[in-house]
Every structure is written in structure tokens, then in C-alpha cells.
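> Given next are the chains, with one letter for each unit.
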Amino acid sequence: KAGVTQTPRYLIKTRGQQVTLSCSPISGHRSVSWYQQTPGQGLQFLFEYFSETQRNKGNFPGRFSGRQFSNSRSEMNVSTLELGDSALYLCASTGTRDSYGYTFGSGTRLTVV
Amino acid sequence: DAKTTQPPSMDCAEGRAANLPCNHSTISGNEYVYWYRQIHSQGPQYIIHGLKNNETNEMASLIITEDRKSSTLILPHATLRDTAVYYCIVNSGGSNYKLTFGKGTLLTVNP
Chain A
104 KAGVTQTPRY
114 LIKTRGQQVT
124 LSCSPISGHR
134 SVSWYQQTPG
144 QGLQFLFEYF
154 SETQRNKGNF
164 PGRFSGRQFS
174 NSRSEMNVST
184 LELGDSALYL
194 CASTGTRDSY
204 GYTFGSGTRL
214 TVV
Chain E
168 DAKTTQPPSM
178 DCAEGRAANL
188 PCNHSTISGN
198 EYVYWYRQIH
208 SQGPQYIIHG
218 LKNNETNEMA
228 SLIITEDRKS
238 STLILPHATL
248 RDTAVYYCIV
258 NSGGSNYKLT
268 FGKGTLLTVN
278 P
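Sequences listed follow chains A and E, in order. Sequence positions in the first sequence follow our numbering and run 104 to 216. Sequence positions in the second sequence follow our numbering and run 168 to 278.
If you are wondering where the hints come from, they were derived from the structure by calculation, not from laboratory data. Idealized CB from N, CA, C, for every residue including glycine. Check before you lean on any hint, since a few could be wrong.
[Claimed, not checked] Derived CB-CB ranges, DEER-like:
(1) E/248 <-> A/130: 25 to 33 angstroms
(2) A/110 <-> E/226: 40 to 48 angstroms
(3) E/230 <-> A/182: 42 to 50 angstroms
(4) E/223 <-> A/106: 21 to 29 angstroms
(5) E/241 <-> A/117: 45 to 53 angstroms
(6) E/218 <-> A/156: 41 to 49 angstroms
My request is simple: use the sequences and hints to build the entire structure.
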């Protein structure tokens, strides 16, 4: 079956701009999570959505937002980009049973210049 | 903060078993132990998880101590493609819907 699809794979933006990243989960998965990975901070949780509702949010500023659509696809948006937002952004999906593992996408590499 | 402790790096010879330890002394009764790995610049890959009993799948085996305060991931016949950062995570799943990653163990498989 198809995996988690993230688009675009690479993105270069200028400071102050905004960006929208997209994630299509595995078919049937209703939970979608987002993570930021940087060399300094490692993998950090951004937020998680289930049935279009945000159930948990990590410790990130309000410039980071997300949403989930009725087909479970999700987007995350970062406004007023800063140099420190340069990172690999990863999306993960999981089925409804709590003990299932998460399947990650390959990520979107965002570079802010 | 991550609730697990792992060695920062380990080496293993190709074809030998790789045994990756993880301490999780504050694990709660309803928390599972998960293992993921991340090959450079790719998304983490789920390997295996367990609650109390030892588990085995096509990728690896997971040995959890009886007191559940530590576990070991075993890759029975390591290959060069197993070189990656391995993360041990404890997660109850039901209440917080997130994975808390630590720094993991960089496993280098040498020819």
C-alpha cells in the first residue's frame, strides 16, 4: 500500500515569507502528526490531528499551525519564517488502535534564507 | 524530555548480531516500548514495539526485562543497510498522541 506522502520534498523560502506543507496519510489512517527535526534540537513534536481535530500541540510559537481535512490529509503552515525554521519537517500517520506504530513520510526539507 | 536513556553510539560487524540497550526506569504500566530507526535524511521507520513480553518480527527482536525498566533491540544479522540512528521510545499512545524522541543510538555496521 502507498506510504505517507509529503510534498514538496524541498523548499527554499525567504525570511518573513510563509509556507504550507502537505501530508497525505496512509489510506485508512485518521491520525496525522507533524514533527520538526533540526541538528540542534533533534526530533520535536509539533501537533497531532484526528478527524479534523487537533488533539495535542507541542511547544512551538503560534506561527506554526496546522489543519486536517475530512479525507485525513493534513497541512501545516509556518508564517513569518525565520532562519531558525530551517529544518526537516516530518509527517506521520497511524491507525486508530493506540498501540500501532507510526508511519513516517520522507519529509520536507525547508531552507529559509 | 525523553524518558529513555541510550548509548550515543555503537559499532557492529556485518553479519553479527547488534544488541542495542535502552533504559526506561520510570516506565508506567500502560506504556509500550517502541523502537524506530532513522537512516540519514529519511523519516523514522517503525521497527517493533512491546508491552511486557518479548516480541519478534521480520526486522528484529525486542527483549523487555521482567521489571520493564530496560529493553534490548536485537538485529540478528546486521547488514550495512542497518547503519542508522535507533530510537527507543516509551509511549502510552492513548493520552498524548505523540512520540518523544531522545538522541538515540547511532549504530554503525562495519564491513
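> Hints first: check each against the structure and report whether it holds.
Consistency of the hints with the structure:
| no. | hint | result |
| --- | --- | --- |
| 1 | E/248 <-> A/130: 25 to 33 angstroms | 27 angstroms, holds |
| 2 | A/110 <-> E/226: 40 to 48 angstroms | 28 angstroms, violated |
| 3 | E/230 <-> A/182: 42 to 50 angstroms | 46 angstroms, holds |
| 4 | E/223 <-> A/106: 21 to 29 angstroms | 24 angstroms, holds |
| 5 | E/241 <-> A/117: 45 to 53 angstroms | 48 angstroms, holds |
| 6 | E/218 <-> A/156: 41 to 49 angstroms | 27 angstroms, violated |
In summary, the numbered hints that this structure violates are 2 and 6.
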